[in-house]
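Undergrad: What follows is the residue order along each chain.
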Amino acid sequence: MYSEKVIELFMNPKNAGRIDNPDGVGQVGNPQCGDIMKIYIKVKDDRIEDISFETFGCASAIASSSMVTEMVKGKTLDEALKVSNKDVMEELGGLPPQKIHCSLLAEEGIKAAIEDYRKKAGIK
Amino acid sequence: MPARKVYLDHSATTPLAAEVYEAMKPFLQERFGNPNSLHSWGREAKKAVDESRASIARLINAEPREVIITGGGSEADNLAIKGTAFALQGRGRHIITSAIEHHAVIDTCKWLEKQGFELTVLPVDETGMVSIADLDAAIRKETILVTIMYANNEVGTIQPVREIVRTARAKGVRVHLDGVQAVGHIPVDVKDLDVDLMTLSAHKMYGPKGVGALYVKRGVKLDPLVHGGGQEFGLRSGTENTAGIVGFGAAAELANRRLEEGAVEEESRLKDLLINGITEKIPNAHITGHPVERLPFHASVCFDYIEGESMLLRLDAAGIGASSGSACTSGSLEPSHVLLAMGIPHELAHGSLRLTLGKDTTEEDILYVLEILPKVVSDLRALSPLGKELS
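Quick note, the sequences are listed as chains C and L, same order. Sequential numbering from 1 applies to the first sequence in the numbering used here. Sequential numbering from 1 applies to the second sequence in the numbering used here.
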C-alpha cells in the first residue's frame, strides 16, 4: 500500500527530534484524529537554516514530515511557503487516498512554523 | 531479513493445520462428488460431510442436525439475525445487541433498523463487559432476539454468557452468541448454556477460510437467506463446499484434542508472560479488556503517545505480525468502536495493539516480541511530540 520511499523514510526518518531554541514552531493536527505534526525551524537571512519535526501519527505522517523538512531546508521562507502537499506526495512516490491528509499536514506544518517565526520577529 | 518470523495475529486468521490440509486434499480432486448425488461419488462426499458435521457438533456439544454449515462466520451471523427477524417479525420487531459487536452483527442489526426494526445497543464497562441489569431492563414485550458476542475479537473479553442466556430465556427471548473467537479455544457447551443460536468460523481455529457454521437449537425457527436446493436442512441452499466442510471437521477434531491436552493453560501461560513483560518493560502501557475473563490467547494493549499503524509496520519490519484498532489501520477516521465503547479516549485508542497467540507460538517467540516491542515503542515515542515530560 505504501511506496518504497514512504517505508524508507518511515523506518529511517530525517530531521527527527527537536532543535534547541527554535526561531519558529508550528503545530498542526490533533491527537483525537491520531495525527499531530510539530515543526521546528531556525531562520538565518530569511532562509530555513535548520529544521526538525516531531510527529504522532501513522507511517505516512512520519514519512511526510521527514520529506517536507528535507524539501524546505535551505530554502527562503517564501520558497518554503510554496511547497504544497502535492509536491510532498510526488516526492514520496504517491500516498494512498486515505493518507493524503498526511501530506496536507506537512504543508500546513511548515506554514505554521514560518508564521510563528514571522510573528515572533514582528514581520507581517 | 528479520531475525525471526513471529505471527501474533491469530484473531485475524490462523494458519491451516497440516492435518486439516491433508484431510481436505482428496476432496479438492479425486473425491469431487456432489453430496446430493445418489451414485458412489455422491455418497462418498455425503458421508464426509456428515462425519464432519458430527465433529463440529461434538466440539460444542450439539447434535449434528443442529449444525448449519455456511460460507463463513459473517454469513452465519447474518442468518442468525436476519433469519430470526424475518421468522419472528409477526411477534415483535425489537432486537438487542451490544456496542462491541463484530461488524457482521452490528451492521446487520443496523440494516434491519432501516427496514423498520427497533434496535437497543447495550453499553459495556471499561473491561468490555455488558451488564446483566442493563440487558434485563432492555428486554420488552416486542423483543425477539438478543445477539451478543461470546468473546470479543479486539480486547478478548469473555461475556457473562451464561447469565445473558438465562436472563433472556427467562423472558422467552431468543439468544444468539457470536462464538467466532471463542469456539475451538475455550470449552463451549451449547446444551449447558441452553443458547438458541451460535456462530462458528473454521479459519479462526486452523481450518480453511470461507466456511463457518450456525448452531441452531432444535425447534428454533429461522427464515433462510439463501433459497434453492434446500441443502443444510433447508436453511442454506447451495451445493456443499465439501473440501471446506471436511477441513472444518478436521479443525474441530484438532480443537477438541487441543482442549483436552491443556491448550488453554499453555496459551494462558504464554499470554501472561507477554502481558506481564509488556507492563514491566514499557511505561504508560494500558492493558485493555478484562484482566481475568479473557481469551487465553489474547493480549491487547494501548500505548500513550504513539499511533498503532506505525507500531504495526515497525513490528512487521522486525518479523512480527500484529494488528491495531487505530483509525489508520481501519481505513476510517475513527479508531475502533470497541475501544471507544469501553471509554478509552480517542488519542489512546489510536495507540492500540493486539497480539493474539496460536498453537505454534513458543516462549522464544514471546521473548523475541518482548525484546523488539519496547524498542519500537520507545523509538516512536522519541519521534512523537506527545508526552515529552517523560523524557
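Quick caveat, the hints were computed from the structure, so don't treat them as lab data. Please note: incorrect hints may appear among the correct ones.
Stated by the list, open to error - Estimated spans, in silico, between C-beta atoms of each pair:
1. C:E90 x L:H286: 48 to 54 Å
2. C:T76 x L:N284: 38 to 44 Å
3. C:G94 x L:G319: 23 to 29 Å
4. L:D360 x C:M11: 33 to 39 Å
5. C:P97 x L:N276: 48 to 54 Å
6. C:E4 x L:L259: 40 to 46 Å
Just so it is clear, CB atoms sit at the ideal spot from N, CA and C, and this is done for glycine as well.
Undergrad: Do E4 of chain C and L259 of chain L keep their Cβ atoms within the hinted range of 40 to 46 Å?
TA: holds, 45 Å
Undergrad: Can you tell me whether the CB distance of G94 of chain C to G319 of chain L sits inside 23 to 29 Å?
TA: holds, 27 Å
Undergrad: Using the Cβ atoms, figure out if D360 of chain L sits within 33 to 39 Å of M11 of chain C.
TA: violated, 28 Å
Undergrad: Between E90 of chain C and H286 of chain L, does the beta-carbon spacing fit 48 to 54 Å?
TA: violated, 39 Å
Undergrad: If I claimed the Cβ atoms of T76 of chain C and N284 of chain L lie 38 to 44 Å apart, would that claim hold in this structure?
TA: holds, 41 Å
Undergrad: For the pair P97 of chain C and N276 of chain L, does the Cβ-Cβ distance stay inside 48 to 54 Å?
TA: With a Cβ separation near 41 Å, P97 of chain C and N276 of chain L fall outside 48 to 54 Å, so the hint is violated.
Hint compliance for this structure: hints 1, 4, 5 are not met, and every other hint is.
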